[in-house]
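Participant: Residue numbers (the numbering used here), protein chains in the order written: chain A, 1 to 582; chain B, 1 to 310.
Worth flagging that the hints you see were computed from the coordinates, not collected in a lab. Treat the hints with care, since some could be wrong.
[Claimed, not checked] Computed cross-link-like contacts, PhoX-like style, restricted to lysine-lysine with a CA-CA straight-line distance of at most 20 angstroms:
no.	chain 1	residue 1	chain 2	residue 2
1	B	K126	A	K439
2	A	K175	A	K119
3	A	K444	B	K225
[Said to hold, decoys possible] Here are a few chain B residues that sit away from chain A, every Cβ distance over 10 angstroms (derived from the structure):
no.	residue
4	L28
5	Y29
6	L36
7	D75
8	R76
9	A79
10	R138
11	D148
12	H205
13	S207
14	K211
15	S300
16	A303
17	I304
18	L307
Bear in mind that the values here come from a model prediction, so they are computed numbers and not experimental data. The C-beta atom is built at its ideal place from N, Cα and C for all residues, glycine as well.
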Amino acid sequence: MHENRPSRAERRDMRKERRGSNKKLTPTVEMHESEATQTTDADEVSASDPPVADHVLPPARQVNRRSGNALRASLAVVGGRAAGALSRRLHLGGGTSIAGVVAQGLYPDIIGHLSTQLKEGSILVTGTNGKTTTSGFIAAVLSDAGLRVWRNREGSNLTRGIAGALVIRALPNGKLRRAGQAISIFEVDEAVMPRAVRTLPTRVAVFTNLFRDQLDRYGEVDSVLERWQQTISTLSPETILVLNADDPTIAGLGKHFAGRVIYFGIEDRTLDLAGQDEANERHQVMDTRVCPTCGSEYTYTLRFYSHIGHYHCPACSDERPKVDVAASKVENESFDRTRIRVELPGQSGEITVPLPGLYNIYNALAAIATAQALELAWEPTVSGIEGFKPAFGRGERVQIAGRTIRMLLAKNPTGLNEVLRTLAANGNQQHVLFVLNDKIADGKDISWIWDVDFEQALANFATLTVAGTRARDLALRLKYAEVDPQALVIAPATPLRAERKKAPVTREHARRGRQRGNHATLLQEQPENKIYGISQALNSAISRTPEGETLFIVPTYTGLLEVHHELERRGLAPRYWEETGP
Amino acid sequence: MSEPREKQAGHELMTLRLGHLYPDQLNLYGDRGNILTLQQRCRWRGIQLRVIELGIGDALDPDAYDLLFIGGGQDRDQAPVAQDLYETKSIGLWAAIEDDMPVLAVCGGYQLLAHYYRPANGPDLKGLGVFDAWTVHRGARAPRCIGDVAISWQGQTLVGFENHGGQTYLGTAQPLGKILKGFGNNAQDGTEGATYRNAFGTYLHGSLLPKNPHFADHLISLALKRSYGLSWREEWGTNGHTWSGNGHSDALDGKLVGLDVEAEAETPGVFIDPLVTLTSLDDSLEWEAHAAILERLGLSNAAIVALRSR
């Protein structure tokens, strides 16, 4: 990925990746405590004093420290860490979640107990899309600035993930190891945000965006917003809010906040959708359209995607706030290199964002704004972002049989529309494998696929494979978008039970078969289309991708885990980790 | 019943006009899938479906449409919609429904066609009372009805996904179907949805029509019957063309292929409209997706039956 000689920060990153590599050999679904060992690295500890060390922490709602609590905390730490170790030993998973579950079971307030020991406080990142990448950017910037960074990783962002991340860094006496120089970054599920700010001393709260996502789990967009508003009303004014000015719902969160707010946004007018395809604009999914104050529909002078853009309410004074961190110019250098010009109060500079898509520009801006909130220098901000390694499934790259595989997670209509748009910008004739699952982590309601603009993307597909527990639904969606059936292979997770049984041929059945005669189905004509499971789907997709070309895998969250599992099983994921070395 | 539409001189394609109510406000759960399904299933039979979007402030002329669709939205978006529906469109919508126009109302749209929707907090939203039913939201603490759902309808199954906080209670309204698995109107009485004449209200989305091609075709044939009347057979249906492709227009040949006269009333066990039977399409994928939902709900026998509809 890096043509030039790697910078110091990049070399350090690469060492980290290598060190993490033997852990990756096991089929784990989560990253785990590697972060804790990495941060003992000499060149990080010896780095100059953290520039933010003398900041005062907001008074977190302290837990009543009754005498028994220290004992319970140490019990919880020992229990949690033992469970985590056992889980890793048995290859059940990374062990972070289970450590959190056990620790919380033994001492429900373990997060509050441990987190108040964090001297540099915590950064919370929430929002529908971009949590993981944004916190990845922030972590890279902070560690380049010489801070010891702790994170909950790999989308394990429910409270048990937070608890786990703390417990694995705690000593049996209930004290955190080397908490003095540590700053923690937690990506927090939208719905967990209220609980998270109650227990974590929040120094910076970052809100990326709000789209419809997993309606079955979070209820509707409005109910998430309501929770967030309550959350913010409980924050201490010492907390700094980092908000996306271009998302009206997010920007609105800052209106009644007593403390400092830093807004980020894009100012490049050439990215306006209206200047592009009209049909493209019309079919965008809009999850926020009315002004919360007066109920009028927002007017947009610029729209970048979905409801993200420059807006104002025609009836009342509500409008996009003035931004503190702005991308004034966005230039695509290649598929995953975008050069942006960033305007900050009193200075400006250029950064190359090493990830595809406009949504990742927003993630980078959120990280830059967070660096501003912590008053970090510009250099670590640039080196952190430019040296960033794509997070799990967010653009990562694997070589397989002469083909390149790139994974682009998409878990809601706006996310998938943006992925399709990013693919389109990469030229036509793409090879794509979609994995649509409907497990709890994906959201059980998949009706959103009907809001995705596959019609616009048809010209860009050379071959298509659909897999996952809801492959049939996605195939149906593509059928109604009139995808060429010859280009489509369907690989559902399992065969139908009814197909496995030999269905009795009734008289009626036989007659109707004759009657249709020439209606022989595609599936009957092409028995090779009857394949099942992720492994066969992957084989089929790879075999139809010519050598030297790229196969894009676009999975939902658990689909991503399955694909990763499969690549690890084939010994490919470790090879990928080795490859990122110098 | 309205007068059968005149055959337009020089027009070879039959046309249906779909009024899509509040596409900007009520579009939460893949409602576009329902529109797309109607549009494509018409197109694949050589029928043109024109979609006319009806937003807030637009009047509803009952003679300007052949069928209507209204989707679901968030509470915040529903209040202005409820007001507009009541003030601007109620007379036109009532006239259309009393004139047997097929209307599909999903989730929020269904609630607004009943008497009222009582939100967890805030004033009631007044509905049109097309269905003698009402909806109460028991507050944020009451569990939402969320999950895959299957109902029996006209001897066949309908599958979908439901996600609603409001509980709907039927007065004299007939339910759309009986719950086989899932919650339905209120998780208590085993009913799902409501019908009045050719208006159908339901909580099933997912989207509803793609995985229930028989229900989509039912709506299309009701619209054809109503708008083209009994004279369709002489004017349109004598061609006897059958459909052979998956949306590829080789069979069009400038001829009329929308209706399959020979198949009429011959297929027992399958719901057949006595007047109009649409040309059958290759629905294997639709029925496999349908059967997959039935199987995950544990309705294996229903799944076998559904697969036979392929």
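Participant: Compare the structure with each hint and give your call.
Facilitator: A quick look at each hint next to the structure:
Between K126(B) and K439(A), the direct Cα distance comes to roughly 37 angstroms. Violation of the 20 angstroms bound is thereby established for this hinted pair. With a CA separation close to 12 angstroms, the supplied pair K175(A) and K119(A) stays within the 20 angstroms bound. For the proposed pair K444(A) and K225(B), the alpha carbon gap of about 37 angstroms is over 20 angstroms, so the pair is violated. For L28(B), the requirement that its beta carbon stay farther than 10 angstroms from each beta carbon of chain A is not met, with the minimum near 7 angstroms.
For Y29(B), the condition that its CB be more than 10 angstroms from all CB atoms of chain A is violated, with the nearest at approximately 5 angstroms. With a cut of 10 angstroms on Cβ distances, L36(B) falls inside the contact zone with chain A, its closest approach being about 5 angstroms. Residue-level check failed: D75(B) sits 6 angstroms from the nearest beta carbon of chain A, not beyond 10 angstroms. The beta carbon of R76(B) sits about 5 angstroms from the closest Cβ of chain A, which is not more than 10 angstroms, so the claim that it is off the interface is violated.
Non-interface call for A79(B) relative to chain A: violated, since the shortest CB-CB distance, roughly 8 angstroms, does not exceed 10 angstroms. With a cut of 10 angstroms on Cβ distances, R138(B) stays outside the contact zone with chain A, its closest approach being about 14 angstroms. Once the 10 angstroms rule is applied to beta carbons, D148(B) is inconsistent with being away from chain A; the minimum gap is 8 angstroms. The Cβ of H205(B) does not lie farther than 10 angstroms from every Cβ of chain A; its closest approach is about 5 angstroms, which violates its non-interface assignment.
A cut-off of 10 angstroms between C-beta atoms contradicts the statement that S207(B) is not in contact with chain A; the least separation is 5 angstroms. Residue-level check failed: K211(B) sits 7 angstroms from the nearest beta carbon of chain A, not beyond 10 angstroms. Its closest Cβ contact with chain A, about 6 angstroms, brings S300(B) to no more than 10 angstroms, contrary to its assignment away from the interface. Separation of A303(B) from chain A is inadequate, the least Cβ-Cβ distance of about 5 angstroms not exceeding the 10 angstroms criterion.
Not every CB of chain A lies more than 10 angstroms from the CB of I304(B), the least distance being 4 angstroms, so the non-interface label is violated. A beta-carbon of chain A is positioned within 10 angstroms of the beta-carbon of L307(B); the least distance is around 5 angstroms.
In terms of the numbered hints stated before, the structure departs from hints 1, 3, 4, 5, 6, 7, 8, 9, 11, 12, 13, 14, 15, 16, 17 and 18, listed from lowest to highest.
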